[in-house]
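*Asks:* What follows is the residue order along each chain.
Protein chains: 2
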Amino acid sequence: MARPRTFDEAQVLRAVREQFWSKGYAATSMDDLMQATGLGKGSLYGAFGDKHQLFLKVFDAYCVNSVESVKKALEGPDAGALERLRQYLLGAATASAAQANRRGCLLARGTAELAARDGAVAERALKTFQGLEATFVRCLEQAQAHGDVAPQVDPRKWGAMLLAVFRGLEAVGKAGMDEPTLRGMVETALGALPVSAKRRR
Amino acid sequence: MARPRTFDEAQVLRAVREQFWSKGYAATSMDDLMQATGLGKGSLYGAFGDKHQLFLKVFDAYCVNSVESVKKALEGPDAGALERLRQYLLGAATASAAQANRRGCLLARGTAELAARDGAVAERALKTFQGLEATFVRCLEQAQAHGDVAPQVDPRKWGAMLLAVFRGLEAVGKAGMDEPTLRGMVETALGALPVSAKRRR
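Here the protein sequences come in this chain order: A and B. Using my numbering, read the first sequence as starting at 36 and increasing by one per residue. Using my numbering, read the second sequence as starting at 36 and increasing by one per residue.
None of these hints come from the bench; they were simulated from the model.
If several chains are the same, the list does not tell them apart, and a pair holds so long as it fits within one copy or across any two.
Here are the simulated lysine-lysine pairs, DSSO-like style, with alpha carbons at most 27 Å apart:
1) K92 with K58
2) K192 with K107
3) K92 with K76
4) K162 with K92
5) K86 with K162
6) K86 with K58
7) K58 with K162
8) K162 with K107
9) K76 with K58
10) K106 with K92
11) K192 with K162
12) K86 with K76
The task is simple: from the sequences and hints, build the whole structure.
*Replies:* Below you can see the structure in the form of structure tokens.
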């Protein structure tokens, strides 16, 4: 019979995530994870598996949460869809410029370190990027349905392009690019989105 | 008197770069570097310094080369500037989608792993991103001078936006995003760039 778990699983996984996020996968040892969580090797292995399984568990949760939080930020009536998208991306630009976010997002960091040789990580990263893209596409479709975006705009093409801008912000923000430049990238991209003739009037 | 160097410095640094690029900084030990270069610890230390100094040396060279190669790809008369920019970014999209490039670019990888806690890396990465941005801006200025880009376009704003797209391509490409989607991001971004009235006719 398995011993009852005498720890808070969510709290342990948060500590594991912080460790991987700050130090990276390779630089994190099982000893680091034991120290960060206060658990012995046996408890960690028994509950979550090895270091790779632990990483995938927190990476998975981070990826799912990333898509969910963008969906939540963008959900609402067609009427404000374009403005919600704009505010979301501007917020991402500001966040990316913050010194506290200098370590970047765990999705970007894990992908940069592991995707080339770890199919499980690459697969989850791709699915996450596609989930973010689909969320942008849906929001653009709503904006188009409301008449804020011109009928000739292909929401799928623009959703993909905005995904590139969104991930680019993250990439250059963690090198220390300043906030006005990052916000300007969003303003320029959305300023180029063709609007409906009736909105221009 | 220093012993004469009996190795090819460029070849050694290539081996060092490949090692850091494939495995990352933390996962690379001095033993790995000795094995990759065929040199003893004393020779490596004597010629280049410690692991951090070795990393900075290859990261620096990679960054300088990145900006130089973009400059070279974009240089030319005003007449073809916009088309050169388009071809360069489409080429970057194709390269980013290639399986062989799945490890991503060393600039992105090094920044993701180290910028948060290594000021020397962050400083070089930022300078590189700004160098790439300035190169795009210059190319857009040429295109505008030639009349391919509308006078109301601010080349600085568009140069920054295209930097975001360029780095975003790299970020999602290494997760396995397909080539048509990546090339489509470039086409959508440049398709939204306002062109001169005389070109539209």
